[in-house]
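Student: Each chain, letter by letter, is given below.
Number of protein chains: 8
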Amino acid sequence: MDTRAVLEKLKSGEISVDEAEGYLRRQPFDDMGFAKLDTHREIRTGFPEVVFCEGKPDIYLIKIFERLEEDGQPIFATRATIRQYELLKAFVQGLEYDRVSRIISRRKREEASELIGQVTVVSGGTADIPVAEEAAQTAEFFGTKVERVYDVGVSGLHRLLSTLDTVQNANCVIAVAGMEGALASVVGGLVKNPVIAVPTSVGYGASMNGLSALLTMINSCANGIAVVNIDNGYGAGYIATQINRLAVRNSAK
Amino acid sequence: MDTRAVLEKLKSGEISVDEAEGYLRRQPFDDMGFAKLDTHREIRTGFPEVVFCEGKPDIYLIKIFERLEEDGQPIFATRATIRQYELLKAFVQGLEYDRVSRIISRRKREEASELIGQVTVVSGGTADIPVAEEAAQTAEFFGTKVERVYDVGVSGLHRLLSTLDTVQNANCVIAVAGMEGALASVVGGLVKNPVIAVPTSVGYGASMNGLSALLTMINSCANGIAVVNIDNGYGAGYIATQINRLAVRNSAK
Amino acid sequence: MDTRAVLEKLKSGEISVDEAEGYLRRQPFDDMGFAKLDTHREIRTGFPEVVFCEGKPDIYLIKIFERLEEDGQPIFATRATIRQYELLKAFVQGLEYDRVSRIISRRKREEASELIGQVTVVSGGTADIPVAEEAAQTAEFFGTKVERVYDVGVSGLHRLLSTLDTVQNANCVIAVAGMEGALASVVGGLVKNPVIAVPTSVGYGASMNGLSALLTMINSCANGIAVVNIDNGYGAGYIATQINRLAVRNSAK
Amino acid sequence: MDTRAVLEKLKSGEISVDEAEGYLRRQPFDDMGFAKLDTHREIRTGFPEVVFCEGKPDIYLIKIFERLEEDGQPIFATRATIRQYELLKAFVQGLEYDRVSRIISRRKREEASELIGQVTVVSGGTADIPVAEEAAQTAEFFGTKVERVYDVGVSGLHRLLSTLDTVQNANCVIAVAGMEGALASVVGGLVKNPVIAVPTSVGYGASMNGLSALLTMINSCANGIAVVNIDNGYGAGYIATQINRLAVRNSAK
Amino acid sequence: MDTRAVLEKLKSGEISVDEAEGYLRRQPFDDMGFAKLDTHREIRTGFPEVVFCEGKPDIYLIKIFERLEEDGQPIFATRATIRQYELLKAFVQGLEYDRVSRIISRRKREEASELIGQVTVVSGGTADIPVAEEAAQTAEFFGTKVERVYDVGVSGLHRLLSTLDTVQNANCVIAVAGMEGALASVVGGLVKNPVIAVPTSVGYGASMNGLSALLTMINSCANGIAVVNIDNGYGAGYIATQINRLAVRNSAK
Amino acid sequence: MDTRAVLEKLKSGEISVDEAEGYLRRQPFDDMGFAKLDTHREIRTGFPEVVFCEGKPDIYLIKIFERLEEDGQPIFATRATIRQYELLKAFVQGLEYDRVSRIISRRKREEASELIGQVTVVSGGTADIPVAEEAAQTAEFFGTKVERVYDVGVSGLHRLLSTLDTVQNANCVIAVAGMEGALASVVGGLVKNPVIAVPTSVGYGASMNGLSALLTMINSCANGIAVVNIDNGYGAGYIATQINRLAVRNSAK
Amino acid sequence: MDTRAVLEKLKSGEISVDEAEGYLRRQPFDDMGFAKLDTHREIRTGFPEVVFCEGKPDIYLIKIFERLEEDGQPIFATRATIRQYELLKAFVQGLEYDRVSRIISRRKREEASELIGQVTVVSGGTADIPVAEEAAQTAEFFGTKVERVYDVGVSGLHRLLSTLDTVQNANCVIAVAGMEGALASVVGGLVKNPVIAVPTSVGYGASMNGLSALLTMINSCANGIAVVNIDNGYGAGYIATQINRLAVRNSAK
Amino acid sequence: MDTRAVLEKLKSGEISVDEAEGYLRRQPFDDMGFAKLDTHREIRTGFPEVVFCEGKPDIYLIKIFERLEEDGQPIFATRATIRQYELLKAFVQGLEYDRVSRIISRRKREEASELIGQVTVVSGGTADIPVAEEAAQTAEFFGTKVERVYDVGVSGLHRLLSTLDTVQNANCVIAVAGMEGALASVVGGLVKNPVIAVPTSVGYGASMNGLSALLTMINSCANGIAVVNIDNGYGAGYIATQINRLAVRNSAK
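Protein chains in written order, with our numbering: chain A, 1 to 253; chain B, 1001 to 1253; chain C, 2001 to 2253; chain D, 3001 to 3253; chain E, 4001 to 4253; chain F, 5001 to 5253; chain G, 6001 to 6253; chain H, 7001 to 7253.
Here chain A stands alone, though its shape is the one from the complex (with noise of 0.2 Å):
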């Protein structure tokens, strides 16, 4: 119900005016007292909510779990530790541990023929692939259809070139590098749509965990790249998602 309707119903006696200050103030999100669960979020805005389990504690985390079951919502939890997984596992059925994206899941990955568009994951070397994965299976998640082109860092051109194709047809490209990088401003000059820059913190000595590759990115020389925080795999996934959604969806218009 919204403002408007909330007032129609006011002026026609249907509430009180009680009635409609409590729904004027009405929480949509579900109060647990250390978290408000946001579970009309999907609905909202198409993205389900995700948890994000990185420093949660174990009673949060296991409460959080069992209240998206109850709700019977998909379940996908990033940067879950193989501890976290076996606590969570006995509490809920039928979960999933990915040891590289360090994701827990249980919604089943999409079949490709109902995943939509198309964004590709580009990642500098094997140590960046932990982080590309968890931007590929979050975009997965919420129905991206996602290419993976891995370990083409910018010191061996023609591994990137040779890729060309996959690279330049997606809708929006994720850039995954850590020590300098310089694959993000590398990628931007090669293709039309937009980059989303991912830092990780893989580098040694003046890297300064991935400080340096955040600020390569930020200052890039190529046009069309904007950037996310370091290792942050999820929130590429979640905006790659937004402008492969807009591709799509209005295409069918």
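These aren't lab readings, by the way, just hints derived from the structure by calculation.
Given the structure is predicted, the values throughout are model-derived calculations rather than measurements.
Yeah, the Cβ is synthetic: ideal placement off N, Cα and C, and Gly gets one too.
Among the clues, some could well be false.
Stated by the list, open to error - Each computed DMTMM-like pair below joins lysine to aspartate or glutamate, with the alpha-carbon atoms no more than 20 Å apart:
1. Lys-4011(E) x Asp-7018(H)
2. Lys-4009(E) x Glu-7042(H)
3. Lys-1011(B) x Glu-5096(F)
4. Lys-6011(G) x Asp-2018(C)
5. Lys-2011(C) x Glu-6019(G)
6. Lys-6009(G) x Glu-2069(C)
7. Lys-3192(D) x Glu-2140(C)
8. Lys-5011(F) x Glu-1019(B)
9. Lys-4011(E) x Glu-4054(E)
10. Lys-5009(F) x Asp-1018(B)
11. Lys-2009(C) x Glu-6008(G)
12. Lys-3011(D) x Glu-54(A)
13. Lys-1009(B) x Glu-5008(F)
14. Lys-7011(H) x Asp-4018(E)
15. Lys-1011(B) x Glu-5019(F)
16. Lys-6192(G) x Glu-7008(H)
17. Lys-1089(B) x Glu-1066(B)
Said to hold, decoys possible - Incomplete in silico selection of chain D near chain B, CB under 10 Å:
18. Met-3032
19. Phe-3034
20. Lys-3036
21. Lys-3056
22. Ile-3062
23. Glu-3070
24. Gln-3073
25. Phe-3076
26. Gly-3094
27. Leu-3095
28. Glu-3096
29. Val-3100
30. Leu-3214
Got chain A; can you put chains B, C, D, E, F, G and H on it based on the hints?
Tutor: This is chains B, C, D, E, F, G and H only, laid out in the frame that chain A set:
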């Protein structure tokens, strides 16, 4: 002529090995010695060449403007000082200068009827307007319809909430803010389409010329936010245009 | 005995020059060699001594706890590990440990009827709760009535707005947030009393262990916000108590 | 008219649904396009609008000053250059400029008899006085009685100790210091009421324009200290006024 | 006369103990009080003395130039302002000033036939040319044959690839780039000889005056890259000359 | 087969257009999915593939080692833990592990007679030896003759000066130092050939894990110094080999 | 009159309680409102008051100079601009200005015969001389005999070694250097008495206005080095004087 | 044998040219390959060799300890873990370990009667004691009489003031403090002899492992303060000993 076309012509004898090699290496740019102007750019990417004036020696700027004029290309130049404008208008006819956005241009701003889709530029304070205008005018130069919502900093939420429709209807929101840069997170929580966040160097003390705002935006707890460089209104206008085109053009299919 | 009292007694011959000199230099603390316990503290300032456990060697902690017990003082110790608690309860009776806030205490939490005024603790995410609880329990230990409003991050403004009364009625609001720390600015724009902002080390990547949130809060565009150290729930609870006392106690005049 | 009042009137038929909806969305500000002046601010919060001049284009400043004059509001503007003052006084009558604090104002400083409570501004060195004065005059503009204790840096403790009463009697102390910023910790150890610490950009070399002083104050080992941005005298005067009002006004209940 | 020669002469009675001690301590420089000019430098190292003008007081610069002239040495001075040049040419005949590289020199640039080997200077953008020219002209001054490949930033890879031979044939490549500095990594992946990377202060916002480019280059994932200071074209020209000499001179053995 | 050769064959009918296109796009690497092993690398660049072990998942490491063994390639892997070595030797025969340099290798260290030229590795303190050895053994693996001069920190100059010949005779000096990293500057002033400086993370407090040493080396007042990443012994050994080869191989012409 | 003396006089009736209290609180400084001049300073500490001119408003400077003149005190003021000097000499007779060190003084430099002990000031480059002179002249003003050894940067060790006696004979060495600041470590390894290191802001790029040199010096591997702020020649001259006095004055016992 | 002595002997025929050259180059250290032990150090400088244990491989530590024992030298080793101690005492007799300061030693602490002069070590909090003890015991090992004044942080000035004599009578004060590090400034204002400030890594949040305290101390507004590295108690004990010796030994002349 793409690689395959060259090869086909070589096979058929239309061109020689030397010619083929030449084509394969030919430079899709105009080498001016100090610069390599990308004159085919608009044809290839749909985005005409834009000149970044800051720090360019006068003599180079003049030559670039003259070349663009010769080629009959539109002129759009960012980060120009009034002094640069005074100089350049002596060499090229019909230039206009906008003191707020510091843009020199010659192509008339598109009529609203010619502009497509919708990008909304939201800014935090009066001092952020120059960067917001750089973003807005860049997007308009590239053919995007732009709505402006200015001075809606998070310390007075009612100002932002009063313009909610304009913000929520955009294919892409550009959120421009200095100081603590919290605007991006708040906007991110209100819309379902992507937000491109632009930190500005507005502020003092620990704002560190925009670095604080950049960090705020990169660490945003909201989904669907990606960040460009400090004061990079141009970059935000560019990527917002890419997203807006995906939404609009595909919808014509 | 203050300076003037000492001088009067010296003048009147009640004490000798040597005694006077001694009084003037006397230490209002209990010198334990490795520490100088401020045992008169509560009388002088209204705030009993609180023990900061992090990094203190076991042997020092034990001696401090034993001394506090001997002196019949209340015990309240922050940043304690479960290991420290296990150790200390073997030496001092009746200690309790709260795993969320990591506080060891012996004085029962005040009954609501004994607590005065109102401080509201607002926190951004579930992972910020330990710091929020350190702030809340510290304020309660010092006699303040505390309201808790948790998981109201700025990416879902409706959650915060639904609790507006609790936030606006406080004599002082403590805003606890990690990641980008934008909560303080939003709260600051909604209330007329002071906001004490506590950045937390919650986050990853460019959050730099809370430094980003600290910078956000220090640069806030909202009025009436001042900031304490990262994760310093204790410090926020302390200064909020000072403010709350000014509001309440004076009102009894 | 608050939400309930609107609903009551709608119920009683005094206003229509459309009117009610309008009221609920109405903007409690004056939209000037480039700025949204909060003209009801003093009524709502007890703090009149203050203009921050730094970086604002001349044309915007003039319009804001003219609007404030039209509305018969007091004028108080911080961070103004002498050039801005010369410009503005050609448009608005009766402006005064204080070269030390860089404040333009039109409302006479309150008579001591009208000012309430006590805030003491303590500063470290002669070069910190401009920031200290911005804090002091801001608090006075908001109706606070202010005591000034200047040039009492920690390298000469006797200077600070000689003014102890003035410091200890304040409802709130504002401690202003550059260089190493140790003044806040020392003051914090001497008083029982809150200390608002203001780092200044005074210093050279590793002072990094006030960042070192900011870090010192944030890390203070003393209790009851919270920090505002570097050189933010205005912010300190504001929050000190909030605290002082809580202490004084409530005491009248 | 080296140590052994001195000892032999002492042994043979050609020189006294005092003379020997004197020789052993003698300064292979010309002590001007404020500076110790290394006049034997070219004989000893093959590199003549070069003057760094930035920040040197006028009076010192004049004396150094006069001394070099007296000694019949070539003059090559970097980081000179036009003002310094105007001043110095009043004292020393035949000086020339290059406004792009900001170099004052008196030795004619070597004819191509006299220059040896090959160093290629690659630069990212037009604004990087001053640093690139400082590198190129320094190397030429030291006798190196230099090829220039400018404006080949990584956002348009085809521009770089079109000049591949010039880059791959060099004994050493100097890669000059600001903003995100990704050029070094891309070049490093294309050549088999060493790359000396020079970050420039070109950029804005988070480029932090070249620090971002420096970090990018230091973290490069490509092999065979080493980095000099921001804007240090001179240093790159120097070490590239050392490498080029090793390649060329030895080849004459 | 280079581009021209492909074109010639196409022209002459030896290969079809499809084959030609295939050749032109063919990947000179072995795509393992998670990694693209550059198996032609040694032929093309003279440097065999080296494995960087840090952070690589076990399963990937095993597959890479097995592939290298299958291909009959030498094995040289840096930054390996003892645990990784224990794991890998169960899959691949004949591996050796050096605990100081943390290198796993299978190719015997070259006999001195097979190694060419001279690179001297100079290190500051005992704790820098692991990085120095990574540099030295990398250079040796690539065929370079290496001299070691260890524990010659600048606080005891006589130790460095006593080994001057070994330092001055090298085609390239690698200077390895942590803490303040001053060694590079001192060495740079003593030699005429290039110095590759390697900052190490040795130190504590304000050494910031090697960042201080990196800054020292980048700012060196000596000529002929270029810097690689913190602890990057491998990178230094690589570029020193490039320089040494230029000096030696060309001398055979 | 110290505390005991006051108490004795009170006891004996020479002074009243009020007088005693007054003495105990009396301020050993001259309160000028904006500054508290420490006029008894030289008597108490042996160091006369020195004026730091940077950033002080003209009106305050004039008043301070006039007061010092009235009191017949020597005048020594650091960090003065030529403009400040021109202004001040109109108010106070006999001032002299040294353009290199930027010091305004009125007390003649002591004759060498009056100066005691030995402090040696060593500096790295010509551009460091202003800071070195501030240190040297400060020490001389305080009565110290100073030797100067300039332009002995570590890239040419022979220059430093040729002056070894002057360096080793000092009671304290002041090492002044910018860029990489390695001079302090090298000097520290050569002497047995304390070294006070002064980083300077000389340099460019990653020197970060002296921060790099500061870090180098703080991390020095040599013993017996302590560091003052960037460009703080005054501070170094002060502490070197303290050390020199300990060495000389005690030796007269 | 110094240079002149060698030359005299050569002249007189006592030694040959070869012998002379050998002497001039002879190493005043014991080359252990991985380390160059400075065995003549105590004779030359008055300070015996001290071993820094942190990060040294076990095998190197054992060899160094054994060599020191063979040479009959005293053993004093800092930053040792309990594990290192357990290991080393199996190889060398009579070692003792102090868990607070983490020092392994074999020379008995000097009797008070043998120690000279006075250095006072002042520390801020209980957690700073390990660093304070490293400083104190180092100074004692080098023959200095040390007074300890612990837990006198600036938030409780009376604690520091109550020990004023002990602080003011020292030839040198070592001020050890973490968190905001303000102690150094306060102590600096109270004494006339030099203060060596030691920042510690004690603190949390924005203390950044001691960097904040370091910056505070470097920026101190008090005179006569110089700073060593974070947690560098050893370095402070060393330089304080140098200063104390100058004061005491010379006084015997």
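Student: Quick check: which numbered hints come out false for this structure?
Tutor: As far as the earlier hints go, 2, 3, 6, 9, 12, 16, 22, 23, 24, 25, 26, 27, 28, 29 are violated by this structure, in ascending order.
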